[in-house]
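**Q** Please model the complete structure; the sequences and the hints are all you need to start from.
As a plain string of letters, each chain reads:
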Amino acid sequence: MTNSNGPSPPDNEPTDTDLTDTELDAALAAGDAQLLDHVRTHADPAAALTALLDDTPASAPADPAQPTSGDADTSALRAAKAADQIRNRDHALTLGRELDSALDRARALDRALVSTLGRALALGSVLTLENALDLARDLASALDRTLDYDRARARALDRARGQASDLALALASALDRARARDFTSVLDSARARTLARTLANSLIRARDHARGRARDLMALPVNASGADLTGIRLTDLAALDGVMWDEHTRWPPDLRELIAGRSQEVTPGVYQVRGGTEHDPHTAPSR
Amino acid sequence: MRQDFLDFFDAEFHLVVRFVMRDGAGLHDAQDCAQHAFVQGWRTVQNGRWEQITQPRAWIRTVALRHHRTFDRRQVPVLQLPEAPAPGPGHAEITGQARDLVAALRLLDQDARTALAFTLDDIPTPVIAAHLDVSEQRVWDLLKKARRTLKKHLPAPPERPAALADGTDTTGYEGRQGR
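Residue numbers (this note's numbering), protein chains in the order written: chain W, 1 to 287; chain R, 1 to 179.
Hints in this document: simulated from the structure, not taken from any laboratory. Treat the hints with care, since some could be wrong.
[Said to hold, decoys possible] Derived EDC-like pairs (lysine to aspartate or glutamate); straight-line CA-CA distance at most 20 Å:
(1) R/K145 to R/D121
(2) R/K152 to R/E136
(3) R/K145 to R/D109
(4) R/K144 to W/D32
(5) R/K145 to R/E93
(6) R/K152 to W/D18
(7) R/K145 to W/D246
(8) R/K144 to R/D109
(9) R/K152 to R/D141
(10) R/K145 to R/D100
(11) R/K144 to R/D121
(12) R/K144 to R/D122
(13) R/K144 to W/D44
(14) R/K152 to R/D133
(15) R/K152 to W/D21
(16) R/K144 to W/D25
(17) R/K152 to R/D109
(18) R/K145 to W/D18
(19) R/K145 to W/D104
(20) R/K144 to W/D110
(21) R/K152 to R/D122
(22) R/K152 to W/D32
(23) R/K152 to R/D111
(24) R/K152 to W/D25
(25) R/K144 to R/D111
(26) R/K152 to R/D100
**A** Next up, the structure:
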């Protein structure tokens with residue numbers, strides 16, 4: 001039998017320092033209970049539940065905004081699905097914006113590196129490289145944060161994050177050489193610029209992916225009738241565009257009036273959030 | 001049947017996530033694997049074949065674990081720069097005895113870790129044997145080996161049970177071997 005995680009410990013006789021069976025059982029139980037607490041605190045079953053319902057042909061009726069029948073499609077499940085749809089919309093919209101910003105930074109970095117190449121033999125190259133490195137690290141950190149938004153699907157983003165890290169590493173190397181007056185840093189800078197361009201291309205793909213996903217999500221009707229959405233946190237109110245809701249829908253208290261003001265009654269007691277809501281961080285105080 | 005499966009989901013989702021984490025997965029990956037397994041189960045429900053699965057708790061874990069071990073999970077190495085910000089709330093790390101447990105489980109080989117992970121979820125030995133496609137005796141051997149390793153590497157809980165600290169208990173799996 002092979003061990004994929006490194007060499008096995010010595011398989012010798014028990015020693016006095018070994019746990020007894022009872023102690024081992026207690027340690028296993030305690031560690032396992034803590035692990036379950038961690039899972040219960042941080043895991044999100046709603047996402048998996050949504051995946052189940054989305055995977056069901058029967059759960060995609062001609063008018064998905066209307067309640068479906070069937071024993072599994074309880075109102076609680078619909079509410080969980082609506083909340084998850086809105087969160088996913090918000091994440092996709094936010095991710096697109098973050099990637100736009102990251103792309104701007106990557107292009108600024110490329111411009112900074114052009115300047116670096118021209119001045120690599122001058123003493124000022126150290127300062128320029130420091131600026132470029134700051135930009136690259138800032139970019140890598142931003143990508144680390146955005147990666148959380150859509151882990152399962154954004155492989156392009158994953159690549160971009162790796163490339164940002166590679167770039168930071170190359171720039172750090174170039175900086176060391178420049179400080180040591182080792183003028184082969186010209187070559188490092190050239191490589192860094194190639195990396196920066198590759199990164200910019202990856203970011204374009206990741207951004208396009210995020211935009212496409214946002215378009216897909218925004219095209220799907222969301223029925224939040226009766227849903228308790230008081231716990232939802234949004235960075236982009238556009239995530240609510242077109243959402244259907246009724247008098248039983250519970251919104252976050254600080255958004256209720258705003259949403260009501262942007263909605264129209266489509267049938268008695270049923271409302272729809274108007275489209276075209278512009279992103280305005282000052283109107284999304286819940287985050 | 002659909003409601004039965006959703007009840008099964010409610011009861012088991014967190015447990016399946018933990019099951020995959022015992023194999024070394026991070027929380028996000030473990031959730032992905034659990035979700036994958038439940039989607040497979042849901043499709044089985046849709047096809048009317050869920051009732052043919054005689055051990056659903058073992059089945060769902062097997063599917064999740066297989067996904068964890070076969071899915072391309074190459075991680076892009078991230079340079080840990082000194083200036084890198086500390087992980088935020090989205091990167092919650094396991095701590096304390098849970099961390100000790102996961103670290104100790106990594107010392108086991110894959111089969112022993114699997115057998116122990118099933119056992120910790122009260123999956124009966126014959127069922128484990130069937131899902132691992134090995135004999136029951138082989139499962140007992142794996143559990144014995146796993147426990148021997150963990151006894152050496154797992155820290156004792158803060159409150160050691162004084163009454164049985166002399167090691168005379170026979171309640172462990174080694175004591176049950178051969179029954």
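**Q** Each hint: holds or not?
**A** Going down the list of hints, with the structure as the test:
1. R/K145 to R/D121: 18 Å, holds
2. R/K152 to R/E136: 25 Å, violated
3. R/K145 to R/D109: Answer holds: R/K145 to R/D109 is near 10 Å, not above 20 Å.
4. R/K144 to W/D32: Roughly 19 Å separates the two Cα atoms, so the pair holds.
5. R/K145 to R/E93: Violated. R/K145 to R/E93 sits at ~28 Å, over the 20 Å cutoff.
6. R/K152 to W/D18: Holds, at roughly 5 Å.
7. R/K145 to W/D246: With Cα atoms ~60 Å apart, R/K145 and W/D246 exceed 20 Å; violated.
8. R/K144 to R/D109: 13 Å, holds
9. R/K152 to R/D141: 17 Å, holds
10. R/K145 to R/D100: With Cα atoms ~18 Å apart, R/K145 and R/D100 stay inside 20 Å; holds.
11. R/K144 to R/D121: It holds: about 17 Å lies between the C-alpha atoms, which stays within 20 Å.
12. R/K144 to R/D122: Roughly 16 Å separates the two Cα atoms, so the pair holds.
13. R/K144 to W/D44: This hinted pair is violated, its Cα atoms lying about 35 Å apart.
14. R/K152 to R/D133: 29 Å, violated
15. R/K152 to W/D21: Status holds; Cα separation ~11 Å.
16. R/K144 to W/D25: Satisfied, since the Cα-Cα distance of roughly 13 Å is no more than 20 Å.
17. R/K152 to R/D109: Holds. R/K152 to R/D109 sits at ~15 Å (cutoff 20 Å).
18. R/K145 to W/D18: 14 Å, holds
19. R/K145 to W/D104: Cα-Cα ~55 Å, so violated.
20. R/K144 to W/D110: With Cα atoms ~59 Å apart, R/K144 and W/D110 exceed 20 Å; violated.
21. R/K152 to R/D122: This hinted pair is violated, its Cα atoms lying about 23 Å apart.
22. R/K152 to W/D32: Holds, because 18 Å separates the two Cα atoms, which is no more than 20 Å.
23. R/K152 to R/D111: 19 Å, holds
24. R/K152 to W/D25: 13 Å, holds
25. R/K144 to R/D111: Cα-Cα ~12 Å, so holds.
26. R/K152 to R/D100: This hinted pair holds, its Cα atoms lying about 12 Å apart.
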